[in-house]
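Each chain, written out:
Number of protein chains: 2
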Amino acid sequence: MKAILLTIGDEILIGQILNSNTQWMSEKLTDLGIEVSEHLTVGDREEDIARVLKSTVGECDFLIIGGGLGPTHDDVTMETLSRHFKVPLQYDEEWVSRIEVIFKDRGRVMSENNKKQGYLLKDAIRIDNDCGTAAGQHFQDQKTEIFVVPGVPHEMMSMMNRYILPFVVGKNPQEKILKRSLLTTGIGESALADRLDPFVQKIRANPNVTLAFLPSTTQVKLRLQMKSLSSNASAEFDGLSEELRRLCGEDFFGFDPSTIEEVILTALKSKRSKLALAESCTGGLIAHRLTQIPGCSEVLQGSLVLYQNELKQLELGISSELLQKNGAVSEEIARAMADGVRKKWGSTFGLATTGYLGPTGGDERAPLGTVWIALSSAKGITTRKFRFESDRMRAKERAAQAALDLLRRSLDASSIV
Amino acid sequence: MKAILLTIGDEILIGQILNSNTQWMSEKLTDLGIEVSEHLTVGDREEDIARVLKSTVGECDFLIIGGGLGPTHDDVTMETLSRHFKVPLQYDEEWVSRIEVIFKDRGRVMSENNKKQGYLLKDAIRIDNDCGTAAGQHFQDQKTEIFVVPGVPHEMMSMMNRYILPFVVGKNPQEKILKRSLLTTGIGESALADRLDPFVQKIRANPNVTLAFLPSTTQVKLRLQMKSLSSNASAEFDGLSEELRRLCGEDFFGFDPSTIEEVILTALKSKRSKLALAESCTGGLIAHRLTQIPGCSEVLQGSLVLYQNELKQLELGISSELLQKNGAVSEEIARAMADGVRKKWGSTFGLATTGYLGPTGGDERAPLGTVWIALSSAKGITTRKFRFESDRMRAKERAAQAALDLLRRSLDASSIV
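Each protein sequence line maps, in turn, to chains A and B.
By this note's numbering, the letter at position 366 of the first sequence is numbered 366, and the numbering carries on one by one without gaps.
By this note's numbering, the letter at position 189 of the second sequence is numbered 189, and the numbering carries on one by one without gaps.
Fair warning: there could be bad hints in the mix.
One copy or any two copies: either way a pair holds, since identical chains are not told apart in the list.
Stated by the list, open to error - In silico DSS-like cross-links for lysine-lysine, where the CA-CA straight-line distance does not exceed 27 Å:
1. K274 x K202
2. K202 x K116
3. K122 x K179
4. K28 x K344
5. K221 x K176
The hints are simulated quantities; they were obtained by calculation from the structure and are not laboratory data.
Model the full assembly from the supplied sequences, consistent with the hints where possible.
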């Protein structure tokens, strides 16, 4: 079954507001096995709304229309629907008295404007709004079930959860989509696509299975989907997912919505390890990311964010000779930072970054974009060199990710031993 | 002149990704006086793309098509455009060699897949991608100028800024909208709205002027807009903007796209001051935010991110008696951290945070959500106490902002003296 989402609102078209409602609705509908085939946004103008109604009603099973139900003169959704479907508006006394109660509860008096929100489509089902004054509506035209909801996110969500999603489930009980996202890092999209090509070729034979590559600055997400048509679909899906995970090898680190931070903290906790950071070019980003996770203080001791060379001497005893001889961005300094902070704080692991992130800087030994990462443990020190692009913020993100990934791989490896 | 934005991508329709590209494009185009009349999103399927091309080409002056230019099998935008407009695809040797250089620079080998990105529409203008492998395109059909851009946000933005927006300006030079966004922090939306009410009443008389309140977790942005209809509009607009700035008082910190980090770093540079941070609950976020700005190393020395109490003793000599007597989240510990890091590193300013951010934790003296902030300088130590909500990430953002804002206000105040 197909759904189309129609958003009405000038504030979206001028870029004042991000259209997050359609993302939320799309995810919910997709989870129920509904195919969302189109998102449309038009302004608060009758001719534009009427035009898209003409092209969508009858073309889908569900049409959800959001926005333009407010009390002011620029909200024209109800009048437009009334004229387009030739259904008169009817004053709903009961709804208006409910609006009055809402205002009373908030210690305010209802304005005359709000009475406009009492005019609803005759014979359509009213979808009550339990946290605002704009009522929703539900009616049918041709084969399309049409729902009208307010643009205010929590009011829309409440109506979707209470009324619309249960209705959709009732209409479409059988089909379900199995969905799993595998997270990888440390490998680019193209290299991963090359490696997974045999798998992609194989699933192409099955129209019920799809695989999407979703790259971002720091990772590539693989979304595997399968239409669940038979009772053994779930086992088949698990088999495909496991095959994919094996092909990803060490570049796989978890399933969405897990994060690399969580994976690392869980592994460190299970080993009762302590982590110390010494950050130069990442400037606190690694510590910031890890401290987003509740309970991180069990394993993360802290971070020495040392942005100036004198502090590397003062805090970690790195000699000015070593700095001068190798340059601040060098394997030797990364090693000294990782090892220094681990020993200073008595940690299991010391993780360090040093690099030139730009937009300017760099020297002959370490040109702009060079980043050295080091991980120290009782077993020794591992280092990695990277060369990132010149965009400062993206390079910083990639450097932090590369450092976290070095630690993750070392934790994985040691758990296999 | 009218623009329509067409997004192509299953990941948007299934709700995996928020369509933030269209908001960004809409804002930029609106600023140039272009009416964005519609947003459309369809999946990576030829028939869906062809259907919306039919309904939009010829109906607007500018059509911007974003997404589906990647190297994998599910990216079908170019093939679809080729068939729809009956323009063959041509292998662009030069572009492929550019892609190869991009891979080489990153120390990787181009995969076979990427060659697909060399097939471009014959006779269309190539819009170079300066940070990725998918080239953009520009061509005309009927009265509509058609631009094709990648879905990756920074690649799209770069093409918009370098090529598309300048082209649009050239086509539509006359109408202009004057626009300025004033940034405030440390005051809530309602309190600010109350203070600005007389100003809002005054501008309501002028239909060419609008003021919007755009609140986020850490600040309230005020967007002032005016249609520029006469030669003295610019002076009138500057007058209104200045009036608004005065009303915001000390809560105003700059004009968009400036940030509080930039304002602080500029002020510190002009005073040749050095800043040291000691972060507990903000976990490196303050350092991370400041190190996003190029050149911050001139004034930011670093940050001691001390997530465990033993480190507060080890690094800053804060006695266990003081910790036990007052608790780690207390005015005394915030003072000792700010003063301690300043003296240890010989800094002009020491800025410190300590708090319980949840989702659990807190004690009788400092319940969940309590944050203490301290700023130390040669003049003495200033402290502030906050009580934030229990959402960890939002509370952390607010704590970092509150700390930066305490420093900003102290810099402003001293510059007035």
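Intra- versus inter-subunit Cα pairing at 27 Å for K274 with K202:
Neither way: K274 and K202 sit 44 Å apart in one copy and 60 Å across, limit 27 Å.
How would you label the pair K202, K116 (within, between, both, or neither) given a Cα cut-off of 27 Å?
between (58 Å within a copy, 21 Å between copies)
How do K221 and K176 come out at 27 Å by Cα distance, when the copy is not named: within, between, both, or neither?
within (22 Å within a copy, 42 Å between copies)
With 27 Å as the alpha-carbon cut-off, assign the pair K122 and K179 to within, between, both or neither.
Classified as neither; 39 Å inside a copy, 39 Å across copies.
Treating 27 Å as the Cα threshold, decide for K28 and K344: within, between, both or neither.
neither (47 Å within a copy, 51 Å between copies)
This entry does not satisfy hints 1, 3, 4, going by the numbered hints stated previously.
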